[in-house]
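Using the sequences and the hints, build the whole thing.
Okay, here's what each chain looks like letter by letter:
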Amino acid sequence: MNPITEHNSRETLSPLKAEAKKLNFYYGNFQALKNINMPIYEKKVTSLIGPSGCGKSTYLRCFNRMHDLYPGNRYEGAIEFHPDRTDLLSKKVDPIEVRMRISMVFQKPNPFPKSIYENVAYGLRVRGESARSVIDDKVEAALRSAALWGEVKDRLKELGANLSGGQQQRLCIARALATDPELLLFDEPTSALDPIATASIEELITELKERVTILIVTHNMQQAARISDFTAYMYIGEMVEFGVTDQIFIKPKRKETEDYITGRFG
Amino acid sequence: MNSYEATAGRLDVMSPPSDRLKIDHTRHIKERLIEAILFLAAFVSVFTTTAIVYILIRESWVFFQHVPLVDFLFDTQWTPLFEDAHYGIMVLLSGTITSSMVAVLVAIPLGTVIAVYLSEFAPFSVREIAKPFLELLGGIPTIIYGYFALLFLTPLLQNVFPGLPGFNLLSAGIVMGIMIIPYVASLSEDAMRAVPMALREGSYATGATRLQTALRVVIPSAISGIASAYILGISRAVGETMILAVAGGMQPNLTFNPAEPGATITSFIVQVALGDLPHGSIGYQTIFAAGLTLMLLTLVFNLIGFYMRKKYREVY
Amino acid sequence: MNQQELQALRAMIATHKRWDYMFGVLGILALMLALMTFVALFADMAVNGLGRINVDFLTSFPSRRAANAGILSAWVGSVLVMLVTACAAVPLGVAAGVYLEEYAPKNWVTDIIEINVTNLAGVPSIIYGLLALGLFVYTFGLGQSILTAGLTLALLILPIVIVATREAIRAIPQIIREGAYACGATTWQVVSDHIVPYSSAGILTGVIIGMARAIGETAPIITVGALTFIAFLPTAPFAGDPPAGLFDWLFAPFTVMPIQMFNWTSRPEAAFLNNAAAAGLILVLMTLTMNGLAIWLRYRLRKNIKW
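Residue numbers (our numbering), protein chains in the order written: chain A, 1 to 266; chain B, 267 to 582; chain C, 583 to 889.
Since the hints were made in silico from the structure, they are not lab data.
Among the hints, a few may not be true.
What the hints assert, rightly or not - Pulled a few chain C residues facing chain B out of the computed Cβ check, cut under 7 Å:
hint	residue
1	606
2	608
3	619
4	623
5	625
6	628
7	680
8	695
9	698
10	708
11	713
12	798
13	877
C-beta: ideal position from N, C-alpha, C; glycine also.
The following block contains the structure:
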């Protein structure tokens with residue numbers, strides 16, 4: 001069964017943004033991802049669910065080649081990035097180029113020990129942008145998109161670390177948005193936050209999909225059901241089932257998925 | 267008699283507590299005694315500081331009875347052992363400052379580059395070899411470095427600058443800088459490695475290179491540790507003795523030109539200590555006055571270091 | 583992202599990576615410079631000094647004639663001074679470290695002790711020499727002796743031993759202490775049966791590094807007033823006539839390796855400079871061996887430790 005043709009027929013309006021093809025990943029000799037095939041549709045939210053240790057974060061970090069930072073990691077297969085069909089995992093493709101096109105928001109808010117303004121401007125400065133007016137505009141736009149502008153517009157010079165946890169995470173989202181990424185990766189962005197901050201981040205993600213493709217890892221099934229258009233269930237490095245979120249949660253095709261969704265897992 | 271005492275009394279009669287469970291008073295006393303002894307050992311550090319301050323001030327006190335403080339601070343000659351004695355500490359300070367400047371100009375750039383390289387660039391294997399190697403370099407006795415400055419570096423520099431005298435502050439300062447590199451590099455590297463990986467990942471995720479991450483995220487985050495590494499390095503240079511005593515020449519010379527020979531506070535103390543000065547003579551007391559100056563100088567650096575650490579409190 | 587934008591992006595990344603690469607080269611060069619210094623220093627002393635190192639050099643006293651001079655009194659002096667230093671610094675440093683980690687209450691007295699330990703580590707060594715001159719030599723009347731020198735160096739390396747002890751103790755997990763206390767042990771029993779034995783390798787590392795530092799220290803010993811020309815050895819216990827006491831050697835005048843080297847370095851004749859190189863080579867080999875041993879010990883410790 002080919003999941004890609006299957007979902008294309010249902011979602012003809014959204015073209016592919018990326019596609020994992022026979023992706024294997026190894027930490028040294030340990031194979032963490034096994035033959036993953038999966039489409040990511042443009043301007044949709046795709047969530048990855050599964051028990052901890054199933055490889056969902058590992059999979060997410062393949063998209064911006066974070067694994068290249070540490071020795072001993074190895075990819076096989078490909079992630080094709082559309083529209084130019086660049087293979088993100090190819091040795092010929094520079095991980096820095098990949099990261100400039102694909103932004104990431106981490107599990108725990110990790111603002112730099114800099115001002116709020118400089119945190120958001122960081123990606124622009126890394127790209128060598130130095131025109132004050134350009135940076136000012138983009139910082140404001142990014143903070144507005146991250147629904148943070150109203151709260152911080154009078155204190156842009158303050159340290160990012162002075163914000164509350166939820167605000168810090170929105171600051172990190174603004175940092176990721178400032179460089180107009182084509183794909184935004186979220187690695188359990190609300191796991192360190194309280195329910196109110198979580199709700200605001202979820203709302204934000206729903207708004208952001210108007211503009212950018214989103215891939216999100218979540219430990220929380222309800223969250224996946226609330227915010228995502230597509231859901232993938234992973235287990236021990238394998239992609240068990242991928243589909244439209246409603247279908248996955250209402251009538252999963254695979255027994256394993258159903259067990260996990262209904263809490264009969266383990 | 268209330269009921270509690272009655273119960274206690276009855277218990278006493280009925281079942282005397284076994285000897286094993288009785289509170290052992292001798293054991294208690296022994297424990298307190300041991301604690302007191304250990305406390306005294308720890309207190310030796312306080313005693314040492316107090317003794318240093320006391321000795322320096324006691325001997326300098328006698329010195330300043332003979333030499334007015336104004337002369338000490340503003341006289342431009344230092345000839346304590348001559349008939350016509352002058353006690354201008356500026357002369358020795360100029361040597362200390364000049365040689366320390368040279369050392370700092372060598373140690374801070376090189377030490378920082380090595381620290382950034384080891385912390386952010388070097389593969390694991392290089393770091394595992396380089397760190398112990400730097401430690402070994404830092405463990406070489408300073409007299410060896412002095413020999414190296416006088417008999418290896420000075421002749422080498424004389425090929426480039428033919429007019430360079432056999433004793434000079436430049437050569438001593440450069441070697442002093444090399445001696446300090448391990449301290450600066452090692453401490454700065456520790457500070458940089460303490461920066462959480464999450465911050466680096468945040469930077470790399472925006473497409474930053476290693477150098478951009480190092481300069482824009484890691485160094486600013488570790489600035490307090492790096493600053494105190496610099497301060498410690500400067501403090502070492504100011505207090506360094508043997509390299510200057512061997513290679514710097516010991517003639518007092520009011521100069522800020524590193525190509526000249528000169529005495530420093532430390533090399534002057536060595537020079538006097540090598541000779542036979544009777545206890546209590548004014549010559550004997552000058553070394554304590556010089557030592558007090560050195561102590562105050564290093565105290566200033568320690569205070570600056572403390573202030574910097576407070577100002578750039580780690581924010582992560 | 584269209585092809586044109588992609589091209590611009592790639593050009594910019596190429597520039598950034600060029601800088602990255604250049605810094606990598608700079609880092610290696612800086613490390614190489616340190617390495618080259620080390621090699622040059624070692625080679626220079628080996629070339630000039632290796633010819634002088636033989637049995638006679640080790641068993642002769644210093645002499646007016648460079649070819650007859652040796653380091654007998656210097657190395658014997660160094661060994662004796664180190665003995666005093668170790669006997670004073672190890673018990674004091676370990677006791678202080680144990681106190682600060684296991685006993686010290688959180689109060690201002692403890693704070694003052696900690697501040698003092700930190701500050702003493704930064705005091706220039708020559709200041710310790712002045713302390714010893716004023717206190718040990720003249721106030722306590724110990725004279726310019728092996729005892730004075732040993733105690734001076736002990737104070738100098740005390741912060742190193744204390745810090746190493748504390749770090750080693752801090753590495754012991756709390757559950758070990760709780761396990762021992764739960765058996766009814768007193769604090770001292772916990773310390774002597776568990777804390778000190780389990781941290782002994784870490785403490786040893788610190789002690790060796792401290793001793794390596796002490797053996798190469800020159801300035802404080804000169805300040806104390808060690809003689810530079812000594813053509814005799816301290817009398818061994820019960821030797822001589824009348825027989826010396828067990829501890830008479832403690833009060834003997836002495837010289838040490840770095841001072842002997844300094845003495846020869848300040849002579850103008852080339853022959854004495856060769857002696858200096860030979861003494862330096864032996865001294866540097868001693869400190870390198872000690873430091874190397876400490877580094878190896880620490881490495882082993884890090885690899886083997888399992889709680």
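Quick rundown of the hints versus the structure:
1. 606: 5 Å, holds
2. 608: At 6 Å from the nearest chain B Cβ, residue 608 (chain C) passes the 7 Å test, so the hint holds.
3. 619: 5 Å, holds
4. 623: 5 Å, holds
5. 625: 9 Å, violated
6. 628: Residue 628 (chain C) check fails; min Cβ-Cβ to chain B is 12 Å, beyond 7 Å.
7. 680: It holds, given that the least Cβ distance between residue 680 (chain C) and chain B is near 6 Å, below 7 Å.
8. 695: 5 Å, holds
9. 698: 4 Å, holds
10. 708: At about 5 Å, which falls below the 7 Å cut-off, the nearest Cβ of chain B leaves the hint on residue 708 (chain C) intact, so it holds.
11. 713: Residue 713 (chain C) check passes; min Cβ-Cβ to chain B is 5 Å, inside 7 Å.
12. 798: 3 Å, holds
13. 877: 5 Å, holds
The structure fails to meet hints 5, 6 from the earlier list, while all remaining hints are met.
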